[in-house]
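Enquirer: The whole structure should be built from the sequences, with the hints applied where relevant.
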Amino acid sequence: MRLPESTRMKLNYRVVLLILATVFGLFFSYPSFTQSSEGKKITLGLDLQGGLHMLLGVKTEEAVNSQIKSIASGIKHFAESNDILIEGISVREEKVVFELLDSDDASAMDEQLKTIEGTVIHASEGKYAISMTPEAVEKLKLQAVDQAIETIRNRLDQFGLAEPTVAKQGIDKILVELPGIKTPEEEQRARELISRAAKLELMAVDEDRSMRVNDLSEAEAATYGDKILEDALQPQMKHLVNEIPILDGTMLTDAQVGYDQNNRPVINFSLNSAGAQIFGDFTGKSVGKRLAIVLDGKVYSAPVINERIGGGSGQISGNYTTAEANDLAIALRSGALLAPIYMMEKRSVGPSLGADSIKASMIALIGGFLLVALFMILYYGMAGVVANIALVVNLLLILAIMALFGATLTLPGMAGIVLTVGMAVDANVIITERIRELIREGNSVRKAIEAGYDNAMRAILDANITTLIAAVVLYVYGTGAIKGFAITISIGILASMLTAIVGTHGIYQILENRMSKSKTPGKFFGIKG
Amino acid sequence: MELFKATRSLPFMGKSKIAIVISIMMVLGSYALLFTKGMNFGIDFVGGTIVQVKYEGSAPIDEMRKRLSGNALFEGSSINEFGSPDEVVIRLKNSSESVTQDIGDTVREKLAGTGKFEIRRVDIVGAKVGSELREKGIMALTLAVLGILIYVAFRFEWRFAVASVLALVHDISIAMGAIALVGLDVNLDVLAALLTVLGYSINDTIIVFDRIREGITDSKETNLEAIIDESITKTLSRTTLTSLTTLFVVIILFAFGGEIIHAFAFTLLVGIGIGTYSSIFVASPILKWFGFDVKNYRAKLSQKAAREAEKERLRAQFEQGIV
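Protein chains in written order, with my numbering: chain A, 1 to 529; chain B, 1001 to 1323.
If you're looking for bench data, these hints aren't it; they were derived computationally from the structure. Just so you know, not all the hints are guaranteed correct.
Derived pair list, reagent style BS3-like, types lysine-lysine, alpha-carbon separation capped at 30 Å [said to hold, decoys possible]:
(1) K1295(B) x K1234(B)
(2) K69(A) x K168(A)
(3) K1128(B) x K182(A)
(4) K1116(B) x K359(A)
(5) K238(A) x K227(A)
(6) K1234(B) x K523(A)
Expert: So, in C-alpha cells, the structure goes:
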C-alpha cells in the first residue's frame, strides 16, 4: 500500500483522533514496556510476578470477650481497693455478673459503674449484670478490625518489603498482598510477623551505668544484666536498660493521644489490672529514674519518673508534634492485637510459576495476534491492513489506560487482552462486510463506506454494550485476579469503539479519492469488482 | 478472499426443526450430566487447599502418595499430574486457618528426599470464602442475564429479548455440560469464561437480530421466515469470520496458555462454538415461535411514527401560536 500524495490527503478529525490515540497509547504504555521507574506503569498481579495474597479474618468476638473481662477486673479492683464486698464476680454469656453484699455500698458502686462507657447495667436486690450495649460491641468489633489492619500494616512496613498492600475487605476481612515475597523463608517470616503479638516492653534504665553506654560492648552490658538498645527517633543514641522488662505489651490495653496542661501532645496509655499493680509498685520505688518505652527492641522514649503512677494509666510526654505522638500511640496500640487473626484465603505463587505464566500468555498473545492479523490481510486485503492498524492501537490503548489508572495485570487479565485481539476485529469485520455488500450492489466507494459505517454502527453498539454488561457484572462480583479480566475486556471494548469504528473510518476517508479512481474498488476490500 | 458469496438466501429456517431437535438433545444431555456426574467444583467454590509442586525431571507420584498417606492432614487428598510429567498438584479437601503454620512447609518436609522440587503455588480457600464466592458467582450469572434481557427488550422488543436469553441459557447449559463431561475443575476462571461466553454469544445473536430488525423496517417482505433467512445469510460471513478470529486466539490460549488457563480456554472454546451455532440456528426460530408478527410490528411502528409526527405537528402549532 502506497500512501497518496499529500496534496490529495485530506486530514479529517477521525484520523486526528486515531493519531492522538496512538500517541497517547505509546506515551502511557511506554513506561510499562521498559518498566522504568518514571511514569505510571502497569503493576503485575501476584499471579504473574509471584508473591503472597492473604485474606485474613479477625476473631472480633475475642476482642469483645477481652473487653468484658477487663471490665470485670476493673470492677473487682475497684471493690477491693474501696473495701466494697462483692461476691461471685464472673463473666457469663458476655455479661459481668456479681452480687453486692452490703446495700450501703450501692450508691458508690453505681457511681463507679456509670463511669464505664457503653454498658447496660441491670441491678436488682444487689445482683448486678453488666453487659455491653450492642452499639459498643459493634464499635469494638470495627475497632478491632481497624486496629488489626493498622497493626499489620505497621508490621509490614517494618518488615521492609516492597509495596505491601493491607486493606479492609467487606466489614471484617483484611486483604494482605505481598508482591515482594520470593522464597518460602520470607513468606514464613511475613506470616509470623503478621500474626504474632508485637513486643512492647517497659524497661528500667540502668541509671548507674547509663553514662557509659557508648563505651560498653553488648557482652559487657550483659554481665550487668543489661542490654543496649537503639533510640527509635535518633538511631545514633543508645540506651542502657535492664534486660528483664518491668512490663510487656500484653498488659497494655490502650494508648491515646492527649494534651498536657501546656497543651503539648502526650500519650495516655492504660494497663490492665495486673499491669497497673506492677507499674504502680515499680514507679513508686523508682522516682527520679527513667523508664524506657521499648517497641520491637527500640527505645521510643525514656521519661523520668516524677512520682508513683497508680491506676494503671500513665502518660508519655516528650518533645512530640501531634503527628509524632499519634504515630507513637499507634505503635503502642499495635503492640497487641485486640483480636487474633485467622487465615480465610491464601494464594501464594512462586516467582518461577509467575514467569512461566507470563511467558505462556505472551506466546498466546503474539501467536493470536499474528494469526488474526494474517487472516485479516488474507481475507480483506487493504481493509484487513486498516483493521490491523486499529487493532495495534487498541492494544496500546488498553495498556496505556491500565497504566494510567494503576490497574493490575493478572493472568486472567492477560487472557482478556488475548481475547480482545480476537473480538476487537469484529467491528471491522461487520463494517467491511457491509461495505462489500454495498459495492457488490454497485454503489460508489464513497457511498459504500459512508453507508457501511452508518448501517454497521447500530449493530456494533448494541453488541458491544451487551458484552459490556457482562463485563461490568463480572467486575462487580469478581474477586482478585478475575477483576483483572473484567477490566481488560471492558477497556478493550471501549477502546475498540474508538480505534475500530472512528479510526478506520478516518483512514478510509483519506484513501477515498484514490480508491474512487480505481476501476475495481472492490479489491481494496478483498473482493473482485 | 470470499468464503460466502450467496446471492440468494439460504434456507436456515427450513432446517430449524432439525437444529432444535439437536439443541434440545444437547441441553437435556447436559442437564443429565450435571445432575448425575455433576460439576467438579474446585477450591474457589467449596474451599480446600491446592499445592503445586514442580520437580526437576518427572515427579515420583507413587512415592509422593506413599509419603503423604497415613497423615490426617492429607486424608482424602488427591495427587495428580498437572500439565506435564514434572509438575504435580496435590488437592486437599480441608483448609487450615492458621496463619503461622503452612501446608506448603508441611509438604516440603514430607517430600524431602524425593528429588529436587520446588513448591510453586499454595492456594488455600476457607469454606466460608468458598460459599461466599459461590453465592457471588450465581449472582453474577443471574444479573448478567437479567441485564442483557432488559437491554435487548429496551432496544428491540420483548420477543427478541426472550429469544436471545433462551439462546444464552442454551449456550451456558451446553458449556456447563461439556465442563461436567470432561470433569474440569470449576473455579473462578471458569465462571469468568462462562460470563465471557454470555457476552460473546449475545453479541453474535444481536448482530443477526439487528439485520432482522432492519429487514422488518426497511424491506417490503412480510414473511418473517424469509426475512430471517435473508438476515442470517447476509450476516453469515461476519458470524463465521469473527468466530474464526476469536477461535484462533482461544485455540492458541488453550494450546500455549499454560495449564492454569486450560479450564478457562476450554470453556471459551466450547462456549464460542456453541454460541455461534445458536445465534444462527436457535435464537431466530425462537423469535418466530413466540408469534412475532411482521405486519403487526410494522403497524405498531407506523402508529408510533404517526404519534411522533402528530406531536411534532402540535408542537410546531404551539410554537407558532406563541409567535
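Enquirer: K1295(B) and K1234(B) were given as a pair; does the straight-line alpha-carbon distance stay at or below 30 Å?
Expert: Holds, at roughly 22 Å.
Enquirer: Against the 30 Å threshold, does the CA-CA distance of K1116(B) and K359(A) hold or violate the hint?
Expert: holds, 23 Å
Enquirer: For the pair we were handed, K69(A) and K168(A), check the Cα-Cα distance against 30 Å.
Expert: holds, 27 Å
Enquirer: Going straight from one Cα to the other, do K1128(B) and K182(A) come out at no more than 30 Å?
Expert: Status holds; Cα separation ~29 Å.
Enquirer: Run the distance test for K238(A) versus K227(A): straight-line Cα separation, threshold 30 Å.
Expert: Given pair K238(A), K227(A) holds - Cα atoms ~10 Å apart, limit 30 Å.
Enquirer: Is the straight-line distance between the alpha-carbon of K1234(B) and that of K523(A) 30 Å or less?
Expert: Satisfied, since the Cα-Cα distance of roughly 20 Å is no more than 30 Å.
Violated hints: none; the structure is consistent with every hint.
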